[in-house]
Each structure stands twice: as C-alpha cells, then as structure tokens.
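Once you've looked at the hints, dock chains B, C and D against the given chain A.
Protein chains: 4
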Amino acid sequence: MTITAEAKPTIAWLGLGIMGQAMAANLLKSGHFAQLLVWNRSADKCDALVAAGAVAVGSPAEAVARADIVFGMLSDPKAALEVALGKDGVVSAIQPGKAYVDMSTVDEETSTQIAAAVRAAGGRFLEGPVSGSKKPAIDGQLIILAAGDESLFKDCAAAFDVMGKRSLFLGDVGAGARMKLVVNGTMGAIMTAFAEGMALADKSGLQQSDLLEVLGLGAMASPMIALKGPALVSRSYPPAFKLVSQQKDMRLVLALGDALDQPLPVMAAANEQFKKAKALGLGESDFAAVYEAAVHGAGGGSGGQA
Amino acid sequence: MTITAEAKPTIAWLGLGIMGQAMAANLLKSGHFAQLLVWNRSADKCDALVAAGAVAVGSPAEAVARADIVFGMLSDPKAALEVALGKDGVVSAIQPGKAYVDMSTVDEETSTQIAAAVRAAGGRFLEGPVSGSKKPAIDGQLIILAAGDESLFKDCAAAFDVMGKRSLFLGDVGAGARMKLVVNGTMGAIMTAFAEGMALADKSGLQQSDLLEVLGLGAMASPMIALKGPALVSRSYPPAFKLVSQQKDMRLVLALGDALDQPLPVMAAANEQFKKAKALGLGESDFAAVYEAAVHGAGGGSGGQA
Amino acid sequence: MTITAEAKPTIAWLGLGIMGQAMAANLLKSGHFAQLLVWNRSADKCDALVAAGAVAVGSPAEAVARADIVFGMLSDPKAALEVALGKDGVVSAIQPGKAYVDMSTVDEETSTQIAAAVRAAGGRFLEGPVSGSKKPAIDGQLIILAAGDESLFKDCAAAFDVMGKRSLFLGDVGAGARMKLVVNGTMGAIMTAFAEGMALADKSGLQQSDLLEVLGLGAMASPMIALKGPALVSRSYPPAFKLVSQQKDMRLVLALGDALDQPLPVMAAANEQFKKAKALGLGESDFAAVYEAAVHGAGGGSGGQA
Amino acid sequence: MTITAEAKPTIAWLGLGIMGQAMAANLLKSGHFAQLLVWNRSADKCDALVAAGAVAVGSPAEAVARADIVFGMLSDPKAALEVALGKDGVVSAIQPGKAYVDMSTVDEETSTQIAAAVRAAGGRFLEGPVSGSKKPAIDGQLIILAAGDESLFKDCAAAFDVMGKRSLFLGDVGAGARMKLVVNGTMGAIMTAFAEGMALADKSGLQQSDLLEVLGLGAMASPMIALKGPALVSRSYPPAFKLVSQQKDMRLVLALGDALDQPLPVMAAANEQFKKAKALGLGESDFAAVYEAAVHGAGGGSGGQA
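Chains as they are written, first to last, in this note's numbering: chain A, 1 to 306; chain B, 1 to 306; chain C, 1 to 306; chain D, 1 to 306.
I should point out that these hints are in silico values taken from the structure, not numbers from a laboratory.
As the structure is a prediction and not an experimental result, all values here were calculated from the model.
Incorrect hints may have been included.
Put simply, identical chains are the same to the list, so a pair is met inside one copy or across any two.
Unchecked claim - EDC-like cross-link-like pairs, simulated, lysine to aspartate or glutamate; straight-line CA separation at most 20 angstroms:
1. Lys154 with Asp210
2. Lys248 with Asp44
3. Lys165 with Asp210
4. Lys165 with Glu284
5. Lys154 with Asp68
6. Lys78 with Glu109
7. Lys248 with Glu109
8. Lys165 with Glu213
9. Lys134 with Asp76
10. Lys134 with Glu284
11. Lys45 with Asp76
Just chain A, same shape as in the assembly (with noise of 0.2 angstroms):
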C-alpha cells in the first residue's frame, strides 16, 4: 500500500534513538498515514511521540500485525536482528501484503539474513539506511541509500520525501548497505587527511583559520570541512557522528575492500589513525577527533612548534 496524503495507511517505526526519534517525528507532521504506531524497546522513549500522536505498541509483532508499512532504524546490526528475527520480532507476523523497511546502518550480511526471513515469510523488504546524522534527520534532509523490493520502494516515496531530501534505489538489497560503507569509508579517509592538514599548516607556522579560509574558497570547499574546521581549531569534539562508529565504517569498509581484492591504501592509513583516536579515549567524541590522532605526541596543537 503506497504511502500518499490520500491512501493513509497505518505505518510504524521501530526504534526511537536520536536517529530514530527525529525521523519518526518528521512523518507524523507529514499526515501521510491513518496511524503512526510506534515501538521502542524502552518504552520510555515513546512518550514524546505518544504525546504528539503516536500510539505505542508492545512488540515489534504487533507493529507489523497492525500496520501496512513498518520501518526500523535500530543502534546496531545485532539489534537490528533482535527486533527482526528475535521472539515477538518484526519476522514472526510477516505475512503476505506486509512489508519491512529496514533503515538500520547495518552489514550487507545482517541485511541479507534479514531480508530473506521476511520473504520467506511471504513479505517484502527494503534497506533504506541513510546518509546524514542528527541535524539532517532533525531537518528532514536525510539521503535515503534504498535497496531490495523496488515497488516498495515506490510505496515510501512521500515517505522518505518527509524524511530526506533524496531517496535512490540502488539495486538488490545488499546495495545500500554498500553504498553506506563507500560513503563512509571516503569520508573518513577525507576526514583523516584534512586533519593532516590542519596539524601541518600549525606545525609550519601558519594560521589554521588561514587554511581553513583557503580551504572554503577553493575546490575542496565543502558542508564538512566547513563545520568540523572549526572543531579542529577549538580541538572540541562533540559527537555528531561518534568516531567509534566511524571507526567500525572504516573496519568495514576496508573487509568490503578485502572481499572483493580492492586495495584501499588511504583508507587503510586513515583507518589506523582512527583506531589510535579510539586508544586515545575519544571513541565518543565526533569523528573529527581523529585530528588528535594526526597532532598527538606529534608536538602539534595550538600553540604549535615551528
């Protein structure tokens, strides 16, 4: 059943962490439903929803037994197969006519598992998971990477056009979660080498905001240099995207690489610097600390030594 201000259909959202919270709350200003249930394993978390309109359910089951379309945004991959495949699981109601949008970041495989128990099960299932962390789901500008049933696909796009200013289909399910990894796996190589310029430029003597001012101008300009510049010179790091996670994009990335005998060399090296930042206690700070990494024991900083 197609999402539309016309056909409102009952959806629900599983799930209800930062990513989570924001994104749900986007569809319900949208109408685009009859009902928007909602579920989160502590049952807390609900409530704000619950006030603005939402219902809660007690299960995952019961999301799917009620609603037409079911989406879940969870942690991790492990919770995401919880709630998928777990008892009172999104996967013990599927039934014909159901459909399961999965917009966890999760491993191709988890997807995979979890897409073939819902077909098994008669239903359909998208990967949608999303490019864009806190302010962007906040904002409704998400970039949706979707993969696996394409007519479902078609039946969330006033959906996803709520939650994100774009939504591709890339191909079989397995695809977004790809995606996702490419995408990460060059941000943080980008992330790494911008943070080797900033700690060089104060090494040598120069203003980091002159850098960063070049920088804006030129043709490396860009929405992340822009905002973690700034970051880098204050050296404060307040998670937007945890690097600890970054970190585990990275691992991934480079055992996509692995898999298909693609070297990666930079991301390999930048890789090794966000396992130093991990070691370095800041694994739940931002990424953008990996920039720690490049200045520590180093001599960098602001006050620099050149």
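Same frame as chain A, but now just chains B, C and D:
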C-alpha cells in the same frame, strides 16, 4: 607605490605561461596602471598582450628599471631563480623603491633566497603563490597566498583583486609557499580517497553515478568532486593540474612534515598512489588520473567485477 | 593419559591435508602409541598411512570413542568447526577422560567455541596451531603454539617433540591463535618490506643478487630472505604458504589490532599489497608473490628501467 | 698502488668518529702499509691511533700529498663535501697517481660531485659506504658497498678484508650509495613491522618473550630480531644506529623511489612511524625505539591491556 586607478604606476609582468598569460591579461583589462610591461623567455608569447596594449621589454632587468612593481609567474623554482638572480635578472636592477612580487609556486628555500637578494639590494619582496588553475586564472578567481613585506601586499591590493577572489597575507617569506603545499597536499590525499571510493563502488557493483549523486548531496560535496567525478567515470583526464605537479607537491609536503616531525600517514599513502600513476605513464594527465592507480591491476574500471 | 613410549596410548589423527599427512606420518614413525587411528573427509587420503600401519576409522566420533587423545589438523575454521561440532563430530563422543588437540590454524573465536563444547562434555582441550609449512612438517621441525589445558599440553609433550622442534604453552585457549596471527602478520609485513627493497634495487640499476648477498651477510639475514630471495629474482612462486592464506592472516591480524585499538600502519599497508597481488591472480602462488604487487605497473622486474 | 703486506704503500685516514676510529685501528693492526697517516677535524681524536703508531697530519691535503691511497669516513654529506672540496681539502692535492676512497654514508649526488672533482684532478675515486655499525666496525665485520673505479677497488682488497667480512663492487659511482639506501630502507621497514608485532603481542595478552622465542625459531630469525628484541622488551634503546639517522635514510630511500616512480607503500608507512618516534624525542636513541611509536597512545607497553 600603491596600485590604484588614480596612482597609475607602471607595472611589469615576467612569465607568460598558461597562468601568467591569463593573470596579466586580467591586469591589462583593469586599467590600474600607466603602462603594463611584459617579458617572457620565448618572446613570441608576448604578442597577444602587446596587441592588447602591453609593451614588451627585453629582460627582467629592463622591466625592473622601468616599472614601479614587477610581478613574476615562472614555471618552477629553477626558472624563478634564473629570472630573479640570473644575468639581466630582476635583482640586477633592484634598488631602493623597487618591488618584486613573485607569484610562482616554489619551495620555501627558493623564495627565501630570492627575498634575501631583493632585500639586500634595497627592494621590497612579496611571494604570492596562487591556489587555482587555468580557469580561475582566466576568470580572476584565484586565491593569492601572499607573504613577505606587508606594505607591498597593501600596495598590490587592487592588482590582486583583479586576479583573484581573495588574497591573504600570511606572514614572513615562506609562509605562502608552505600554505600552498599544505593545501595541495591535502588536496592530493582527498583526491586519492575519493578515487578509492569510486573504485570500490564500481568493484562492489554500485553505479558510480549513484555514488557521485550521494556525495554531491552530502557533507563531502565540493567543487572538486563535482568536477573530477565525471572524469573518473569516463576515465578521461585532460590536464587542469598535472599529475606530475601534484606528485611533486606531495613529495614537498611530505618533506615539510619530515622536517617538522609531523607524521602524515594518509598523505604518505596517497603519494605512493601518485607515484604509481606516474609509473603508469599518467604524469601529464590531470591529477585525477590517480584513479587509475586505484583500479590498475585490481580488475576495476567501468566494467566492474562484483 | 600421557603419550610416552611406555604408556602407549591409542591416539587418533583427523585431517590429512599436506600438513596433517606429514605430521601424522611422523607420529606413526615414532611408535609412541598403541595404535594410530586416522580419518579424513576424503577417505582415500588415509591410504598411505594405513599402508604404513595406521588404522582408518569412519568418523571423528569413532576416533574419539576409540582413542585416548585425538589430534585434528583441518584446513580452515569452517572445517574445524564441522569436524568438532558437526554430526558424528568430535564433541558427540567426548566424555570425561577424552582429550582433543586441535592443531588447525583457526581464529580465536572458533577455537574458543570448540573448547567450550569439548569442556562442557567433560573433555580436555588444547589448541596447537603450528608455525612452519610443508617442509618443517615433514622434517618434524614445526613450532607448536599451544594453549588451553596445561595438563594436556604435558601429556602431549612426546608427540609434539616428534612433530616439532619446539612447543610453547602460551596460556588460555585463544593465545595460540593470537600468537599465530601475530607471527604471520609480522611475516607478511617483513616479506612486503623485503619485496619493496628488491623492487627498488632493480629499479635503481643494482643487481638483486648483490642485494641478496648484502642482506644475507647482515643483521637482516634470515631463512626467509635466503629462501624467498631467489624466488623473487626468478619471479617464480611455487607455493609453500599460499598468498591467499597470508592475506587472510593479514586481515585477521588487522582485525585483532582493531579490536584492541592497536594501530598497525605497516601491516595495514602490507595487507593492501597482498590484496593487490590477489587481484593480479596470484592467490594460489606462494606469498612471496607479493613482489609482483611491488613491481606491477612500476616498470620493474628483471629487466629494470633505471 | 695495491695495498698488500709486500707493497706497503703509505695510506691515510680522514675522519675518526666512532666508525672511523674502529676501522682505522683495524687497518693499523694489519700492517699492510708503510705508514698510516691520520687526520680529524678535532685533532685530539688522533691521539689513540698516534699512540699506537699512526702519524697525525695537519690537513686532508697533506694526507693526500704524502699517501698513495686516502680513506675518508666522515659523519654526513656536508662533512664529506667539506673534507673533499674545501680549503686544504682532498681534491686540492689530488694529481695523477693519487686515489681517494670515501667510505662515508652520503647521498648519490654528494658522492658523484666528489668523484667528478677527484677525477677532474687526475685521481681515482671509489665510494665505499659500509653496512654495519659500531660492533662490526670494531670486529672487522663490516660489509663494504664499493663503486667507482674498479682498479682502485682491487687495490684496496686487502684493506677491505681487514675492515670487513665482505666487500662488493657494485658498478659506477652512486651504486654504493643506492645499495646502502635500499638496505637501510628495507631494514627500517622490517624493524617497524617487528615493532608492530611486539606491540600487538603485548596488547593481546601474549608474552613478548614467547613471541621472541617463536620468531627466533622460525623463518624470520635474524641477528636483528635477536639483538633488538630484548631492547623492545625492556624499552631501553642505547644507540647502535641512531633513530634520527634511520629516519634520514627512510627519507632518502623514499626520495629515490620517488625519482624512479617506484611505489614503496610499506617503507612510506614505516617512515611515518620513525617521524613519530623522532617527534617523541627519541631521535638520539637506537632506531629500535620506533617501537615507542607503535605503543605510544595505544596503551601498550610491558603492562599490557588485553
């Protein structure tokens, strides 16, 4: 003597390669001078500018003798040294009141050597390497990284406004050269990271066009990715910035890090890829051809193998 | 029951690949047992040992039922798990008094899983991966990296003496697997460093035979350099340890470093070269073929270009 | 004039640092000469050799004037150039019949420059950098990497036999310098790989002494691992070959690879670790202190964290 529409000093331009030709042409159009003198080792490169109103002179020394402020834009450190310090070179005619602005991209040592000679003869010196290649030069959209005598930087403000969209004064002689290296080293590493992402997308069965769209919508969106992405897809690399020049800058930025004990593992890994691309015979291609190093022997390319 | 010439326990051997065949043959010659039972998935591989006095059995379970101590040497974690935990597997017949020594090279998780099952059934468990390939196996010159039940390690001392030149007891289950990975990860990086030196010697107009002589006389002289050097010169790589296995170990050692936040930038760079060599189709060659990754596309090789 | 017990030429030695002192002392003991002249910038370093029978001279020029063959062992390229080409230097006294053997470790350009000057003055030239540090120098166990005039190499055979266990003639001037770089670059990368293995052993709860035993028994066993292993365990690095010198050689070997378009990703990654160790203040420690770069900030060290 400050360059202004009112003061109308006599200015001179030494070096009419691709960049110098475009920069001098913009100066000529500006009218901020009494006369624009031009000189090039191969005199025929002066013809177009002379036809447009410039006056050719016979040597750098003659340019200095007749002009208030002389600009140089030479192809490499060797040419910059020869024009500045050689027979009938800039320094042979410098005396108090004269000023030399060397906009060539040279290493810090070269710039320091030229500065010392100009100053010893009583002149003022400014280094002003630029960020940006042919098109920004033509469009007057360069970024000028100036360092040396600040009074001369101020005197050149109007000229820099004609050539660039922004000029920064970075400090003592050498700071411009270092900033240029830091920027280009960062650029080389980012380009290589991007190339790895594109190679892995293809190898893993994704459409590179989808990756480019995702990157273009997200935090990494940049003019460089927008511009070079299609080059990687088509594997065609008409040179805007030659790979051999980028690799030279990687070597120099690593030498700078080496001198300052600043580890740069990602830039170092990227440099090895540029070396590999050079060995593949791509030195004269655009630096985006580092993509070929990422896919060479990895079974990548548009056909994919996933 | 301790394996001694006097005690003469019944022992069993599971898995008769290249390594297992050689190790079991050495045991057979030792006479330190009442009977040597043998089993292999493809039963015909038992023929040679049976001809020499061993007794073939029909399943791992039968081997356990009839023997005091059972040794396993399987090709990979999947085979090790199947033989241990599968139908008619080792664990199905384990009871107090039985002992299983798994000498396969497996990851720590696999070994831990098998240990838990053997112990839960009342048996003793020892992991004993070996360092050394075909020739040391034949010559009884392996190094045995044992961990698990120390009493079982002691009981096997005479058997290990027959198979290896040294056996070490490293601690709890998993320590043997980790030691194997650390050793092989180090080996892969050293091999790649050596390959780079050989490639650069050739590229810079030196005789590789001169480099080998210099290395052989100095601090780096090692059996590996002595053995692999001529392979690199002739660019011929008959497999003693397959490149695909070495690359797998690089992947696993990096995963171990990843789990422990231990940066390993040199091993990571080496891994990318092994991946490249795999992509060049050299997976089934000896791991020394990583040299081809060093020279591929770099104009290297015996012809040189310097 | 060939150096033999019979011919007894007059020979001279320039440069009495740690290495030169030991090498000249071995020459002195050999008796293969009529007289051994010695010179050092700080004349007091001649005292011990003079007491043992050598004759001090006032300048390199005087040494050349009075000796048939002059050996130099200077600390770095700058000193080598000064002694060869400076006032009262070697070249000022060279004439047909004279010969200069420069055993300093210098870059190819420096050696080529000295060779050209010696030959232009009618003399013969040989470069002879050595592989091996203080102890092999004292024990007469160096490896001599000679290149230049082959007749001079032959004339020095007896002298080289006294100083080293092997001398190789590698070809034209520059080949000795290149071989030295290739050997040292390989050594630096192998040392760093070994350091990573030791760091990971500790981090993963293994005994480093067990790893050293395993390595010592296997294919990687080498004098370097035997010698440096205990230094890593005790984290004490009395200098046999200074880290700052090793890092300089890494820089030079990478520059050589750069000039020849030979990618050296593992050596490049190792160089970044040496740079990091230098930044940690370990430049004057033994090059084995690169281990500190592997464990710094990674929570490693003898206490372990696994």
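I'd like to know which numbered hints this structure contradicts. Please list them from smallest to largest. Going through the list in order, the structure violates hints 2 and 4 and respects the others.
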